[in-house]
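K.L.:
The lines below spell out each chain.
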Amino acid sequence: MSSRFAAVSVQSADFDPGIEIARLGTSADVGAVATFVGLVRGVTTPGQEPAVTALELEHYPGMTERSIADIVELAEQRWTLGAVRVIHRIGRLAVGDRIVFVGVSSRHRGDAFAACEFIMDYLKTRAPFWKKEWNARDEAHWVDARDTDHTAAARWS
Amino acid sequence: MSSRFAAVSVQSADFDPGIEIARLGTSADVGAVATFVGLVRGVTTPGQEPAVTALELEHYPGMTERSIADIVELAEQRWTLGAVRVIHRIGRLAVGDRIVFVGVSSRHRGDAFAACEFIMDYLKTRAPFWKKEWNARDEAHWVDARDTDHTAAARWS
Amino acid sequence: MITVRFFARIREQLATTELQWPAIATVSELVADLAHERGQAWAEALLAPQIIVAINQQVANRDSVIVDGDEVAFFPPVTGG
Amino acid sequence: MITVRFFARIREQLATTELQWPAIATVSELVADLAHERGQAWAEALLAPQIIVAINQQVANRDSVIVDGDEVAFFPPVTGG
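Chains as they are written, first to last, in this note's numbering: chain X, 1 to 157; chain S, 1 to 157; chain P, 1 to 81; chain R, 1 to 81.
Bound conformation, chain X alone (with noise of 0.2 Å):
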């Protein structure tokens, strides 16, 4: 396709993805423009623990750009793609600031959302980031990778 580009960003800053949309879908082959965006919860499992009001995100300065632009690779080895976009945040973070966008075009919808969540399966469970989460009693703890992540990446294989 016309426009292929791939563009990776890990920075603290927020993201607007209405621009990152518009982007997406400004060649004329492009139909469709599926995307992603992840939010910090506040809420964890009702009546367990006490409700998160921060997250603080650690990453591996250069392995950590270059491990997802190697899934984005992946995913245009897999399924025929327009432009792909993925912006991931680091730093401190609130309840309700946007973690990571992923933006996938494509000519037909199904390539772009399969890529999609391909994108952010894999990068769930290869990109190097960590997350640690303070709660309402200011308590700070890593946090557990979850089996779930693992079985939502297993299926692409």
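By construction, these hints were calculated from the structure, which means they are not laboratory data.
All clues given are correct.
Simulated restraints on C-beta separations:
no., chain 1, residue 1, chain 2, residue 2, range
1, X, Leu74, P, Thr3, 51 to 59 Å
2, X, Trp156, P, Asp33, 49 to 57 Å
3, S, Ser12, X, His141, 49 to 57 Å
4, S, His141, P, Asp63, 28 to 36 Å
5, X, Ser12, P, Glu18, 55 to 63 Å
6, X, Asp97, P, Ala15, 55 to 63 Å
7, X, Trp156, R, Gly69, 30 to 38 Å
8, S, Asp147, X, Gln11, 41 to 49 Å
9, S, Ala136, R, Val59, 45 to 53 Å
10, S, Glu139, X, Asp97, 47 to 55 Å
11, S, Ser157, X, His108, 15 to 23 Å
12, R, Asp68, X, Glu139, 36 to 44 Å
13, S, Arg137, P, Ala15, 23 to 31 Å
14, P, Thr3, S, Ser12, 18 to 26 Å
Covered, in the sense of this in silico footprint (three residues per stretch, anywhere, with C-beta under 8 Å from a C-beta of chain R), are these stretches of chain X:
no., stretch
15, 50 to 63
16, 88 to 100
17, 113 to 127
18, 131 to 145
A few chain R positions that, by computed beta-carbon distances, are all more than 10 Å from chain X:
no., residue
19, Trp21
20, Ala23
21, Ile24
22, Asp33
23, Ala35
24, His36
25, Glu37
26, Arg38
Don't be surprised by glycine CBs; every beta carbon is placed ideally from N, CA and C.
Mind docking chains S, P and R on chain X? Use the hints.
P.N.:
Okay, now just chains S, P and R, sitting in the frame of chain X:
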């Protein structure tokens, strides 16, 4: 979930995906917002017909809105969703214009992705809209329904 | 009386958006009646196998019962999204 | 010399972000060496089965070969997204 609402709009006016995404993510228990934006493609199958220059969308006022609301309700029965938003444009559209927006928020990304794609697949095969295309030679023709859309919708049943 | 509506390609083929028609028992009988009164073009358009019929804005079929005051619509397979 | 880096929970457990270490043949030997020199807490942190190791920012394993100048990193399972 606390911010459950579903809103369907059928309108000739354009929409702002950024504003819609921001609205979908306003509840503290929303961790995921999956969205789809459909655009008017100007390029048809390479080597075949002349490029599309414009589109006109006809609908069945009343039935269209209700059938989309029914599709959203099916999705809400099937997955655990926060908010759902569907916007579909009607009237004359140019190449590159936005046609449709589907946005779904949820606690977790799996439900948001699945419901978003389900709504698009069902909308394509059940909501009464009809596309007429104009090409570079200023010929108009009604777009034929595609088997692939019915295949896509059938996999959910 | 019932209201009969036509959309998209069918609307153009029949050059008719909407008409009023005497109440009649079923969709099949309505189609037969329209074909008889309006001629071959109407028969062909309304009997095409892929045509969808709706009664009061709900998808119906050829055997569906029509009652006085109903809105019956004929349209081709949908192509939105 | 090689550079050894630690992230997230491991970085906090060991109170170490980065250190320089004499070149050594494999990841296993590096871990054994660090455990021997730094004690039980290091042994436990670096031998935990779920710990991921990367050499020059590519995921590796315990048998992977290290060469002089390499960057070796230890970190827990990732939790981004």
